[in-house]
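**Q** One letter stands for each residue in the lines below.
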Amino acid sequence: MTEKQRYLLDLWGYLHVRNAFSGEELADAQKAAERYVNSKPEELPEGFGIEGKRHLNGFAFDKSLERLATHPSIWPIIKEITKGRPRLTSGTLQINNPDELKDVLRLHCAKDDYGWDAIRWDVRDGRIFCNHVVAFPYLTDVNPGDGGLLVVPGSHKSNFERPPEAFNGGIVEDLDHLPDGVVNITPKAGDVVIMSEGVTHGALPWTPKDRMRMYMVLRYHPQYAGSDMPEEIRERLSPETLELVSGAAHKTVKEIVKRDVITLS
Amino acid sequence: MTEQERYFWDLTGYLVLRQVLSPADVKAANDAYECYAQSVLEMTDEPGDRPGKPRIENGIVVRTSNQFPHFLEMEKPHCDPFRDTVAHPLIMSCLVEMCGRGFRLDHGPEIISHVKGVPGGAMHGSGDPHKPWVGYQNNGESHWVGGVTVSWQLADQPEGAGGFSCVPASHKSHYPMPEGVKWREDDLGAVHQPICKAGDVVIFMDGAQTHGTMPWMADHQRRAVLVKYTGRTCARQGPEKLFGDPENHWDEALVSDMTTEQRAVMLGPYSNHRGEVPYLGVSEDGTVAVEDGRAR
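From first to last, the protein sequence lines stand for chains A and B. Residue 2 is where the first sequence starts when you use my numbering, and the numbers rise one by one after that. Residue 221 is where the second sequence starts when you use my numbering, and the numbers rise one by one after that.
Keep in mind the hints are simulated off the structure, nothing from the lab. Check before you lean on any hint, since a few could be wrong.
Unchecked claim - Below 25 Å or equal to it, Euclidean Cα-Cα: the simulated DSS-like pairs (lysine-lysine) are:
(1) A:Lys-5 to B:Lys-247
(2) B:Lys-247 to B:Lys-296
(3) A:Lys-64 to A:Lys-32
(4) B:Lys-351 to A:Lys-5
(5) B:Lys-336 to B:Lys-417
(6) A:Lys-103 to A:Lys-189
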């Protein structure tokens, strides 16, 4: 993580990494994701399934998607932010279709959903620690005006509960009326947004009529938290990813953490 | 202070209160400013004629000193708009929560009245390094900050105009401001210019929050009156600096035969803004000495 990245991540609670992956890596991931999206539910292998916009365990659907979980553009950040004790606890492929209902995702965060004690953000010895981080590798473009991810920069350190009426009651329906303090992030295909689950976030309705929004939702916790993934998913994973999704004791140092670059076997 | 204002203040380090001043209030303050600016321009350059050295560019007063309360000293009715601001009820209700009971005016009011082309100033202040006397603290129930500046807008500050800008949330930053942010040539998208109308009030954590002045780009003149407060037991850059020498703060007879080191601890309270305060250090052998030879 560069000094600028560290400054912004600490300041805002999220980081927009541009051009994190491209070319063949991106094309392969896009094709695999489209294959999953276009599959009939009954044709899906065990462990996969579709719940609305969520395509469960999408990261394990294809090696091109699995690779994103330890991609060099985010791996050093994930290692640092979990204090060298990373665990991937879920990896969903998520989409917004052009023909879907134009509903908004109300602003929320881990503190709203699970209580103030659900999320930590600390800086010690110059390093950031967070116990619930999400990486969103984007597989399609989001352009200004399209809709998509909303964030409240700095809200990961908010000391007060968000008043119910703040930010229009948490419902933000259009870009032209963004409340002060709310930002719409528009990543391009190949960008990755890394965010603390403590950041207040939501989404504008997806407006393009000819394009879908397609991105991964990769959740990381410290290795001593979380629960095991289904066996049928674990069986598909390369040894490196299997170690990443596995739980471990506080003081165990995973082999993959000793590496700066992960190549899947 | 409403719940929403408290949340936003803690979140960002600043707050914009809309239309606190009526159009008539704004006009009265602007009239007083015009009168003051004219009197400054008519002064000679003899020593002592311009206490506090207002900054003049191309025959226009673009900034007054923040250490001399010119506007509070003006003859009535021109002092009234400014005296009305220093203890305005709405602002007081915020300050008593932000700086605690007994908060006080530390310095100001000063006016920033840039015209198009006047360069901006560097971004400054941050949560890191933490400066206790102006820093922000919050224990989840109450909050406190040592330095609060209240900026009364006497002219519009539309989008892209420049003027006051800040890095929201920087009052809690754990890292120092990157070099590119300082002069905004590589601001990382972190610098924000709030949009204001004449009559609005911007309140910000002066010292804790990264903030600064962007070059003024609008055709009309910027007009912002800055009034600077602090907690009861803090000191920033106010008159304490003028009266802080040991002889003034205590008594000449008391300090006259003190050592340099003893005099250093008898200095009155004020921030070390220009590095003028003598700091004491203790060497390994237990010798106490003034660092950097800054004896007073």
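**Q** Work down the list of hints and note, for each, if the structure agrees.
**A** Here's how the hints hold up against the structure:
Using a Cα cut-off of 25 Å, the hinted pair Lys-5 (chain A) and Lys-247 (chain B) is violated, with the two alpha carbons roughly 44 Å apart. Restraint check for Lys-247 (chain B) and Lys-296 (chain B): the C-alpha separation of about 15 Å stays at or below 25 Å, so the hint holds. The straight-line distance between the Cα atoms of Lys-64 (chain A) and Lys-32 (chain A) is roughly 12 Å, inside the 25 Å bound, and the hint therefore holds. The hinted pair formed by Lys-351 (chain B) and Lys-5 (chain A) meets the criterion: a straight-line CA distance of about 22 Å does not exceed 25 Å.
With a CA separation close to 18 Å, the supplied pair Lys-336 (chain B) and Lys-417 (chain B) stays within the 25 Å bound. Distance check on the hinted pair: Lys-103 (chain A) and Lys-189 (chain A) sit about 21 Å apart at the alpha-carbon level, within 25 Å; holds.
Going down the numbered hints, you'll see the structure goes against just number 1.
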